[in-house]
Amino acid sequence: MKKAISAAAAFVMASAMAATAFAAPADEERNTEITTQIEPTYTIVVPADTAVDFNATTTDFGAVELVAAQIDPSFAVNVTLDASGTLKNSADASKTIAYSVESEDGKYTTAAYHTAGEKTDLTINIAQSQWDEAFAGDYSDTVTFTIEYAAEA
Amino acid sequence: MKKILASLSVVILAAVIFCTTVFAQSAEIKTSVPKFHTVTLTVEGCGKIIADGEILDGEILVERLTTEDFTLSPDDGHALLQVICDGKDVTELVRDGVFTLEAINHDTELTVIFTAAADESETSSHGLDASQTSDKESLPQSKDESTDTIVSIASYVSDSASEVSSVSGDASGISSAFANTSQASKAQMSDGDKAGSVTTGDHNAGVIFIVILAASCVLILLCVRKQKPE
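Heads up: the protein sequence lines correspond to chains A and B, in order.
Sequential numbering from 82 applies to the first sequence in the numbering used here.
Sequential numbering from 367 applies to the second sequence in the numbering used here.
Note that these hints are calculated values from the structure, not bench results.
In silico lysine-lysine, DSS-like type, Cα no more than 30 Å apart, as pairs:
id, chain 1, residue 1, chain 2, residue 2
1, A, Lys-176, B, Lys-401
2, A, Lys-188, A, Lys-200
3, A, Lys-200, B, Lys-396
4, A, Lys-188, B, Lys-396
5, B, Lys-396, A, Lys-176
6, B, Lys-401, A, Lys-169
Keep in mind the model is a prediction, meaning the values are calculated, not measured.
Starting from the given sequences, assemble the full structure and let the hints guide the process.
If you want it as C-alpha cells, here you go:
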C-alpha cells in the first residue's frame, strides 16, 4: 500500500513539474497598460512684512510668484489677497491712512498661476493727500494671501 | 472601543493633512508718521523772525499739523523785501508783517530777505556822489575835451557859414543865370516866333520851367472843371 501511495505521489509531482507552454496565433495582439501617478506639487512665494517710508506714494511690496509647479493641466494655483485698505494708528484706531496693493494691471485681489515662473510684482500705494492729512504715530495693517490649488472654472 | 476611536481619529487627521489644498500667509504693512517737522529759517539782511515772542534762527522743530505765525521784523531803516518758502516766493502772503505756515506736514525751508529802506535813497545819493566824484576826477580831461569840442564846433560853424555864403552865392548865380536864360529864351522866342520854331540849347532850363508851369495850370483847371457840378 505504501509503495502504491509513494508511486502515485511521485507521478503527481513529476506531472506538476511539467511546464506548459502556449503560443499565441500570429495575428492576435495583447495590450499592456502602464500607469503611474504624480502628486501635484508647487511652491509659491508671497510678499513679506514691509515698512513704508513716510511720504512715500509708492513702495515695493515684493511679488507673488509660482516658483516651482507640477500641477494637473486643468488645475491652477489661485492666490487671493485680503486687505482692509487702511493702516490704523496704533494709539488711535480711528486715525487711518488709506492704502492699496496694486500690480501693473491695477488693484491686486486675485490671480491664477499655472506654470513655474509666473510672477506678479506688487506695490503699496498711498496718495500724497493721505500723507498730508495723517496724524503723527505708528500705523499698521495685516494682509492675508490665500493660496488654493483648485480646478479652473 | 478606545482602539476604534483612536484609529478613527488617525484616519481623519491623515485625511485632513493629505487632502488640504488651501493655505494662507499673512504679511504686515507698517509705517510711521513723525510728530515734529523741521523748519529751517534763514534771514538775509537786517531783520528778525519772531514767533511766540522769541527771535528764531536756524532749524526749529514744529509740531506736525500745527499752524505757526512768524513775525518778520526788519531793523530800523530796513524793510521786508522777499519771503521764500520751499523755493516759492510767498511774499504776497505776508499780512501786516506776519507770515503763517498752516498745517505743517513736512520739513520746510523759510528764507526772509530784508533790505535797507533808507538805503534806496541813500543808494541813489551815494550813486550821485559816486558819479559826481567820478566826474570830478575826470573834469580836467572832460574840460579839455569840451574845449576841443567847442573849437571844433566853432570851426564847423565857420565852415558852415562859408558854405552858406557859397551856397547863397551859387543861388544868386543860379538866379542870375536863370534871369539870363529867361531873357535869352525870350529873345530866342521872339526870334523863334518869326521862324515858327523855338531853338534849344542853353535856354532849356527856362523853357522847361515854363512848360511845367503851364502844364500844372492846365491840370488845375481840369480838376476844377471836374469838381464843378454840371
